[in-house]
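Asker: Protein sequence lines, in the order shown, are assigned to chains A and B. Just so you know, we're using our numbering here: the first sequence kicks off at 917 and counts up by one. Just so you know, we're using our numbering here: the second sequence kicks off at 15 and counts up by one.
These are calculated hints, taken from the structure and not from any lab test. The C-beta atom is built at its ideal place from N, Cα and C for all residues, glycine as well. Heads up, some of the hints might be wrong.
[Unchecked claim] Computed beta-carbon distance windows for the label pairs:
(1) A:V959 x B:S68: 19 to 29 Å
(2) B:R117 x A:S966: 19 to 29 Å
(3) B:R127 x A:T962: 26 to 36 Å
(4) A:F921 x B:R32: 18 to 28 Å
(5) B:T116 x A:V964: 16 to 26 Å
(6) B:R158 x A:V963: 19 to 29 Å
(7) A:F1013 x B:F142: 21 to 31 Å
(8) A:N920 x B:T69: 15 to 25 Å
(9) A:Q952 x B:D118: 27 to 37 Å
(10) A:T957 x B:R31: 52 to 62 Å
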Amino acid sequence: MKRNFIALLLLVAVVSAGCYTAPVMPPPGIAFGDIQAPLDTNVDRTVVSSRSGEASTSTFLGMVSMGDASIETAARNGGLKVVHHADYQYKNIFFFFYQKFTVRVYGE
Amino acid sequence: MIAMMTPITRRGGSGDRRAARAFVRFGFVALIALASVATSGCGGLHLSIGAPFSTPVSPPQGFLYSNTRAPMTVDFDNTPVGAAAPRSGSASSFYLYEPFFTRDDISVASVARRSGIETVSYADYETFSVLGVFGKFTIHVHGR
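All chains should be modelled from the sequences, with the hints used to inform the complete structure.
Answerer: See the structure below:
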């Protein structure tokens, strides 16, 4: 019974949690993934800056998701006044048991 | 599959127990296969339910509860943020899954007009969802 409940929970989490979306999505890791990819694809004459700020959301078991990965928060965390470009980082541990989506903005 | 497993495990015979274990193993393999399909869905197949909205960027949403903020705009080019974009405004759209009737205006133009923003720098959005049944979708516009 307990096992069935866990299996059902896992099934619901897998089916319902879905996944993230982004303009650029590399192939994901099934059991474990840690990828970084561009959020901003218009990089024509973009100034590359080492100063950055980040903000993230977390999802647990595909059931509960919370956090603030907005540009506003990422820029505030990095003390930025101008954003040149942005990347993101997506981590998943054991399917959808834990997922973390981080937005990283670069600027001055 | 799960419903089929339950009556067998209750019978209690040794043969039945073996069958039950086989079913559990089969179930586990099936779950892994399903998870693989769902995970590969990150590349294009969307199995997500309870999120009747579409955005350029979306963090993973929770089935029971979701409250996240994420970027709406992803095209940056010396984009002013923070103190350089001091004005902001927001507008929300409420939904009850499936939304039969909606009449909301959460366009950038109307939010900017209502908030006195003359130049929009960037926009974020916020989602709030409970069981995928009740939800709120808000956009936050920032500028000068």
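Asker: Determine for every hint whether it applies to the structure shown.
Answerer: Against the structure, the hints:
1. The hinted range of 19 to 29 Å is satisfied by A:V959 and B:S68, whose Cβ atoms lie roughly 24 Å apart.
2. B:R117 and A:S966 have their C-beta atoms about 47 Å apart, which leaves the hinted 19 to 29 Å range violated.
3. At roughly 31 Å, the beta carbons of B:R127 and A:T962 sit within the given window of 26 to 36 Å.
4. Distance hint for A:F921 and B:R32: a CB-CB separation of about 22 Å, consistent with the stated range 18 to 28 Å.
5. Range check, B:T116 to A:V964: about 42 Å between beta-carbon atoms, so the 16 to 26 Å window is missed.
6. For the pair B:R158 and A:V963, the beta carbons lie near 21 Å from each other, so the given range of 19 to 29 Å is met.
7. Taking the beta carbon of each, A:F1013 and B:F142 are about 23 Å apart, inside 21 to 31 Å as hinted.
8. The given range of 15 to 25 Å is broken by A:N920 and B:T69, whose C-beta atoms sit roughly 36 Å from each other.
9. The hinted range of 27 to 37 Å is satisfied by A:Q952 and B:D118, whose Cβ atoms lie roughly 35 Å apart.
10. The hint said 52 to 62 Å for the Cβ distance between A:T957 and B:R31, and at roughly 56 Å that hint holds.
Hints 2, 5 and 8 from the list above are not met by this structure, while the remaining hints are.
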